[in-house]
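Read in order, the letters of the sequence shown correspond to residues -20 to -1, 1 to 83 in mature numbering (1 follows the signal peptide of the UniProt record, and there is no 0).
Hints were generated in silico from the structure; no laboratory data involved. A quick note: this is a predicted structure, and the numbers were derived from the prediction, not measured. All clues stand as given, with none of them false.
Cut-off 25 Å, straight-line C-alpha distance, at most; resulting in silico cross-link-like pairs (DSS-like, lysine-lysine): (1) Lys53 <-> Lys31; (2) Lys16 <-> Lys81; (3) Lys53 <-> Lys16; (4) Lys81 <-> Lys53.
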Amino acid sequence: MVTLSQLLGLLLLWVPASHGETVLTQSPAVLFMAPKEGVTITCRACQNINKWLACYQQESGRAPNLLIYAASKLETGVPSQFSGGGCGTDITLTISSLEPKDT
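Can you build the whole structure from these sequences, using the hints too?
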């Protein structure tokens, strides 16, 4: 079983030329999954962030690895089981088939 915090070590929100604080809510907050299952995680921002969201995966004690940038663009070398989408206030990260290394 994998918890959401293990699945995504870090979600980074970057809003250029933003004034004030942008709050990002991740749903579901807690998630238990088995290998080979698929999962979609939704991030909702309190204001329009267009596509300025990047998703990172971070293993304990290691630097974060970029998975997706500009909400839907897959970083070079990232497996196609990862995908992202959305715009505005709702952005999603989908993993079509969890692998143990995705924790």
